[in-house]
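Chains as they are written, first to last, in my numbering: chain A, 1 to 372; chain U, 1 to 196.
Simulated from the structure, these hints should not be mistaken for laboratory data. Certain hints may be false.
[As the list claims (entries may be wrong)] In the DMTMM-like style, the derived pairs of lysine to aspartate or glutamate whose C-alpha atoms are separated by at most 25 angstroms in a straight line are:
1. Lys324(A) - Asp46(U)
2. Lys372(A) - Glu27(U)
3. Lys48(U) - Asp336(A)
[Said to hold, decoys possible] Beta-carbon label-pair distances, calculated as ranges:
4. Ile186(A) - Thr162(U): 51 to 59 angstroms
5. Lys143(A) - Glu47(U): 35 to 43 angstroms
6. Ile163(U) - Ile186(A): 48 to 56 angstroms
7. Met197(A) - Asn37(U): 57 to 65 angstroms
The model shown is predicted, which means the values in this text are computed figures rather than measured ones. All C-beta atoms, glycine included, are put in the ideal place defined by N, C-alpha and C.
Listed here are the chains, written in short residue letters.
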Amino acid sequence: MPQQFIETQYFTFAQAPNELVLKSGIKLGPVTLAYETYGLLNADKSNAILIFHALTGDAHAAGWHKESKTAGWWDPMIGPGKAFDTDKYFIICANVLGGCKGSTGPSSINPVTGNPYGLSFPVITIEDMVVSQKYLIDHLGIKKLLAVSGGSMGGLMALEWSVRFPDSIQSAILIATNYKHTAQQIALHEVARQAIMSDPNWNKGDYYGKELPAQGMAVSRMIGHITYMSERSMEEKFGRKLQDKEKVGYDFSQDFEVESYLRYRGASFVQRFDANSYLYLSKALDYFDLSEGTDLVGAFKGIQTKFLIITFTSDWLYPSYQSKDIVRAMKSNDLDVSFIEIDTSYGHDSFLVEIEGQSKLVSHFLNNVVRK
Amino acid sequence: MRSDHKYILQMIDPNSHVLDLGCGDGELLSMLMKQKNCRAAGIEIDEKEIYKCVERGVSVSHGDIDSGLADYSDKRFDYVILNESLQEVMNPDKVIAEALRVGKKVIVGIPNFCNLNARLQIFFLGRVPVTEGLPYKWYNTPNLRFLSIKDFRDFCLDRSITIEKECALNAKGEIIFAHNLFSDIAIFLISKASVK
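Take the sequences, apply the hints, and build the full model.
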């Protein structure tokens, strides 16, 4: 079958007076979610899987857009014959609320003022992102998802979905994730936020149509990239190799390849992401705590979902022990959970690049969910 | 079917809730699910085996048995299986005690270090024995503990653990007479009245 181009679709809801009530109590509406689908929804709508993207991801999880030169962010995992097999399953991925890739976020136009929201956009939470996507699933007429899945922030969303809407899913696959941000995770985000907010061009979030806070964005992205790799993967990829020179320069120009890589990543980030969205989404991650007001064991009471939890040995941003806490709490509730820690050097990025092991696990796990 | 699996299968009542410590590729648990309609979960330390468990549809946790079973409340399982894994743990005493805490009954399968073959190898060859049940050399064995059927009986007696069944096997099948002398492996069904 010839490759078909993927088109992003849009769903708008929460029109006044039925705005979305956020966790903070603030009302937001209308809300638009950009989403993509891959594969075909079957007649009884029982083969749908909802994928959640990570912090700077988007709805374009797989396949190719007509105009773009890159495949979706999880293309090696989603497609015909792949782990999330589009010959069997109907895959949905939406840009999160607060994002900047087509869904309503701080860079969207506030219908009241006619200007971008900027910092007048309400603070959103992981819970709000999940609730907004439930509207999308209802809109698509899907009563029960075969699975929800995601890595990193996407894993937090899948976890939140599984406790908030347990009857709407059969299974959940959580990858390289956590149930609450630790002090170190919050601290790393805060450095990234301060980098953006200390850029004069950020201008308290009011930079639309003006000079972008490019330097702040670049620094925040550099920090991000360091946390997504491991010491070993950086050593293997860069070592002390020099960039375009034979000897170090004894000046503050670019010497090492790793410097050049981070600068390139930093510089390209400002082109593809909105600084305010980064602030809002990173804050949403920091606010998340599934054990808030209860304990983790209590959070999973009464759930029947089948879980697969995957971590990576070299992931120091979301270390395995945090997922093991989730597994432990699930076992205390007698939940059907499988857990694996994949041995790899790719760090937190493993969920995007360590395809072979994940593919086997996900495809077999889903086969068994269907069989049940 | 592996003969040890056959005898373990016979020991387990249908519709039971079973935990297998060191479940390997999940073959035994998969049979328990299919043939005896059991609810099954496993713990396994080898990453490669986890993939096979997931493929079979066996729920498995990647981890080591020594780090404990604190996740589970008392008498949660009808059976806890420790087949060919007890001799590889750091702290067998603690593992057995934990297995008996979370399981109403525990099935323990051990290689018999003191069968006739092993005894002859030590006596006549003067070397550490290599047998059906213990097929490794001293330098590549995963086993940390070497015990016989009698050693395990003593262990249970000292701890007021009841041996409900004892099944001794060699390559030909079940041994009826002189278990400790003729068997390669033995499978015990044990239990302990909970201490209040």
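Problem - Hint numbers not upheld by this structure, sorted from lowest to highest - result: No hint contradicted; all consistent.
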